[in-house]
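Please arrange chain V on chain U, whose structure you already have, making use of the hints.
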Amino acid sequence: MRVALFVTCLVDALFPDVGKATVHLLERLGHEVVVPSGQTCCGQMHVNTGYQGQALPLVRNHVDAFEQADVIVAPSGSCAGSVRHQHADVARKHGDPKLAEAAEDTAKRTFELSEFLVDVLGVTDVGAYFPHRVTYHPTCHSLRMLKVRDKPLQLLRAVEGIDLVELPGAETCCGFGGTFALKNSATSTAMLGDKTSAVLSTGADVLTAGDSSCLMHIGGGLSRLRSGVRTLHLAQVLENAR
Amino acid sequence: MTFLGMPAGGGNLTGTPFPKAARGALGDAQLRRNLAKATTTIRTKRAGVVGELPDWAELRAAGAAIKDEVLANLDEHLVRFEEALTSRGTHVHWARDADEANRIITDLVKATGTREVIKVKSMATVEIGLNEALADAGVHAVETDLAELIVQLGNDKSSHILVPAIHRNRTEIRDVFRREMPGVDPDLTDDPRALAEAARRHLRQKFMTVDVAISGANFGVAETGALVVVESEGNGRMCLTLPRTLISVVGIEKLVPSWRDLEVFLQLLPRSSTGERMNPYTSVWTGPTEGQTSHVVLVDNGRTATLADPDGRAALRCIRCSACLNSCPVYERTGGHAYGSTYPGPIGAVLSPQLTGVDRNPTLPFASSLCGVCYDVCPVAIDIPSMLVHLRSRVTESKRTTPESTAMRALSWVMSDARRWGRLIRLGKFGRLASRHVPLPGWSAARDLPLPPKQTFRDWWETR
Chain U
1421 MRVALFVTCL VDALFPDVGK ATVHLLERLG HEVVVPSGQT CCGQMHVNTG YQGQALPLVR
1481 NHVDAFEQAD VIVAPSGSCA GSVRHQHADV ARKHGDPKLA EAAEDTAKRT FELSEFLVDV
1541 LGVTDVGAYF PHRVTYHPTC HSLRMLKVRD KPLQLLRAVE GIDLVELPGA ETCCGFGGTF
1601 ALKNSATSTA MLGDKTSAVL STGADVLTAG DSSCLMHIGG GLSRLRSGVR TLHLAQVLEN
1661 AR
Chain V
14 MTFLGMPAGG GNLTGTPFPK AARGALGDAQ LRRNLAKATT TIRTKRAGVV GELPDWAELR
74 AAGAAIKDEV LANLDEHLVR FEEALTSRGT HVHWARDADE ANRIITDLVK ATGTREVIKV
134 KSMATVEIGL NEALADAGVH AVETDLAELI VQLGNDKSSH ILVPAIHRNR TEIRDVFRRE
194 MPGVDPDLTD DPRALAEAAR RHLRQKFMTV DVAISGANFG VAETGALVVV ESEGNGRMCL
254 TLPRTLISVV GIEKLVPSWR DLEVFLQLLP RSSTGERMNP YTSVWTGPTE GQTSHVVLVD
314 NGRTATLADP DGRAALRCIR CSACLNSCPV YERTGGHAYG STYPGPIGAV LSPQLTGVDR
374 NPTLPFASSL CGVCYDVCPV AIDIPSMLVH LRSRVTESKR TTPESTAMRA LSWVMSDARR
434 WGRLIRLGKF GRLASRHVPL PGWSAARDLP LPPKQTFRDW WETR
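Chains as they are written, first to last, in my numbering: chain U, 1421 to 1662; chain V, 14 to 477.
Bound conformation, chain U alone (with noise of 0.2 Å):
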């Protein structure tokens, strides 16, 4: 199959091995990667913070760079949830309904790496190795907005070596939020303390999850704590094979 990755602002700025990551385990599993290069920014940002109509030119060119893919995949649950639950909205309500029909074509195409691996290709052993204690926290947008479920459950308990275990109140919020993190940084640091000491509790040596962004702000507060605990992305642990 020909995947057209969606790699998202911040993996293509800040965390570009989750990108790689995504590309590799794709192509390991036989199928073509193609990544358009007219794409930037799905403007969740722009849009959950009360800016809906500078995310507009966002969504337009969103739709524009991945017009021609048949499928579309996103190492994110965030940014995938945008461009199915937000963009065709944001059109509508700005007066492009033509536009809000293509986004809800793209919105058709487009889907999370773990619904992708599970749902579309039908494959949870990916034939990946990682002999490591981790722990899994399932991100908010992709558990309640996609309702992926226990789909990264499913790919981690297949991995081969892995010593797989149970984050407590792992269906909790960490706290990040997007802006909320920096508008209500005494709110969200005070959950970012409650996830990483249940984070803590299990003794895992890595913490995944299918959102870098979430993994910037759990990693961020687990770095500081020094506790050594790292952080990876569902694709890079995926990506890992003997």
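What the hints contain is simulated information worked out from the structure, not anything from laboratory work.
Note that the structure is predicted; figures quoted are calculated from it, not measured.
Note that the Cβ used here is the ideal one computed from N, Cα and C, for glycine as well.
Treat the hints with care, as some may be off.
Chain U regions said to be covered by chain V (calculated; three or more residues, Cβ under 8 Å) [to be verified]:
{"id": "1", "stretch": "1421-1432"}
{"id": "2", "stretch": "1520-1534"}
{"id": "3", "stretch": "1600-1613"}
Pairs of lysine to any residue residues, derived as SDA-like cross-links and limited to a Cα-Cα distance of at most 20 Å, are as follows [said to hold, decoys possible]:
{"id": "4", "chain 1": "V", "residue 1": "K50", "chain 2": "U", "residue 2": "K1567"}
{"id": "5", "chain 1": "U", "residue 1": "K1567", "chain 2": "U", "residue 2": "S1617"}
{"id": "6", "chain 1": "U", "residue 1": "K1440", "chain 2": "V", "residue 2": "D472"}
{"id": "7", "chain 1": "U", "residue 1": "K1603", "chain 2": "V", "residue 2": "T414"}
{"id": "8", "chain 1": "U", "residue 1": "K1603", "chain 2": "V", "residue 2": "D472"}
{"id": "9", "chain 1": "U", "residue 1": "K1603", "chain 2": "V", "residue 2": "A431"}
{"id": "10", "chain 1": "U", "residue 1": "K1440", "chain 2": "V", "residue 2": "G304"}
{"id": "11", "chain 1": "V", "residue 1": "K219", "chain 2": "V", "residue 2": "G167"}
{"id": "12", "chain 1": "U", "residue 1": "K1440", "chain 2": "V", "residue 2": "T476"}
{"id": "13", "chain 1": "V", "residue 1": "K442", "chain 2": "V", "residue 2": "D461"}
{"id": "14", "chain 1": "U", "residue 1": "K1603", "chain 2": "V", "residue 2": "T476"}
{"id": "15", "chain 1": "V", "residue 1": "K170", "chain 2": "V", "residue 2": "K58"}
{"id": "16", "chain 1": "V", "residue 1": "K412", "chain 2": "V", "residue 2": "P375"}
{"id": "17", "chain 1": "V", "residue 1": "K50", "chain 2": "U", "residue 2": "P1588"}
{"id": "18", "chain 1": "V", "residue 1": "K58", "chain 2": "U", "residue 2": "K1440"}
{"id": "19", "chain 1": "V", "residue 1": "K219", "chain 2": "V", "residue 2": "D203"}
Coordinates of chain V only, in the frame set by chain U:
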């Protein structure tokens, strides 16, 4: 977006921005412990009794649909409700806002000559600041709901829609009773049974002597003029039946079309709020009891303005169950006072700014990480996260240019073109040194910044 001609409501606001109020609350270890314990308990109970119903999704959809129909035809339902009430001998009053409502109620109370009224827990009366208005007129309002009584005796403020004293543990409650309750046993213990008994003795005397009661209503049935109060302690039943004068303060959105519709809500509400299959007391009355004079005050106070916004009006479906508060990770950590308005938690963050106008409540729509738990647990399927996002736009659009809006505009320009974006993020590598040494305000107090990569993803892809 402004809605001309729609008066905003009074809000009983503290005026402190959420981030600042939250910071104070977060430092209170006892509060954090009380809240975590209480919300975890109610959350677990709710999940149990909701999970056992095979048709919960259908009930939820029915609840949302009934409320939407009421809101779409509110004018007709209200007139029908008024006619039904009047024909059964209840006096109906209309109040545009908090001031008008308080004036009407105060005049009614003063006309009876009483100096004291008893109250059934009512969010609408808290919203309009009724107790304060009555006090100004020389009338003392006695709260008869146990938690409201604790709040009132402690000179405190409610921090939860359903459990107003959720921020207090039993030792703190015992201290309030010992200090403030007339004639209480000085050796009162913090055993819940002893505390309840003390409150019962105190209240029983009020029920038997005070002649005017003020209630709210969970529902009003448009077809028959029936009012419904759902409660757990029996204090409501006392207030509704004993006094000679009953004044019920009802938000105009509280209607259901017909008696049959209650079947849906009397299942949704107790399971979502207290986590019970059925609440202990449901009082329904259609017109006054014998020898009683009854009044209904229908309060707008910003509801019509809320109704005018197609992307915000679903907040008026709310049946005040507080499932969203109990599930919210932000509420669990900050408590209700931080929201600075009558309605706290996720529903407060969407309802309060709409009732008062967003300009008077600009920080509440941002008081959420948009995790979406509130939407999942809402028994009338209010999409609170989407509504928060919508209200955030109303807040930013109501302001002039700010440093943030300038930055967003600039970023939008850069990000709407892949070449501009590619050039910007290539500069990230120069931030490799800075990220460990230059703090980012709001981020770096508790979190390290990631080390920017030497090469962006798109540059790697180009060279591959």
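These are the hints, each one checked on the structure:
{"no.": "1", "hint": "1421-1432", "in the structure": "holds (count 4)"}
{"no.": "2", "hint": "1520-1534", "in the structure": "violated (count 0)"}
{"no.": "3", "hint": "1600-1613", "in the structure": "holds (count 14)"}
{"no.": "4", "hint": "V/K50 / U/K1567", "in the structure": "violated (28 Å)"}
{"no.": "5", "hint": "U/K1567 / U/S1617", "in the structure": "violated (26 Å)"}
{"no.": "6", "hint": "U/K1440 / V/D472", "in the structure": "holds (11 Å)"}
{"no.": "7", "hint": "U/K1603 / V/T414", "in the structure": "holds (18 Å)"}
{"no.": "8", "hint": "U/K1603 / V/D472", "in the structure": "violated (32 Å)"}
{"no.": "9", "hint": "U/K1603 / V/A431", "in the structure": "violated (28 Å)"}
{"no.": "10", "hint": "U/K1440 / V/G304", "in the structure": "violated (80 Å)"}
{"no.": "11", "hint": "V/K219 / V/G167", "in the structure": "holds (18 Å)"}
{"no.": "12", "hint": "U/K1440 / V/T476", "in the structure": "holds (13 Å)"}
{"no.": "13", "hint": "V/K442 / V/D461", "in the structure": "holds (17 Å)"}
{"no.": "14", "hint": "U/K1603 / V/T476", "in the structure": "violated (38 Å)"}
{"no.": "15", "hint": "V/K170 / V/K58", "in the structure": "violated (26 Å)"}
{"no.": "16", "hint": "V/K412 / V/P375", "in the structure": "holds (10 Å)"}
{"no.": "17", "hint": "V/K50 / U/P1588", "in the structure": "holds (16 Å)"}
{"no.": "18", "hint": "V/K58 / U/K1440", "in the structure": "violated (45 Å)"}
{"no.": "19", "hint": "V/K219 / V/D203", "in the structure": "violated (23 Å)"}
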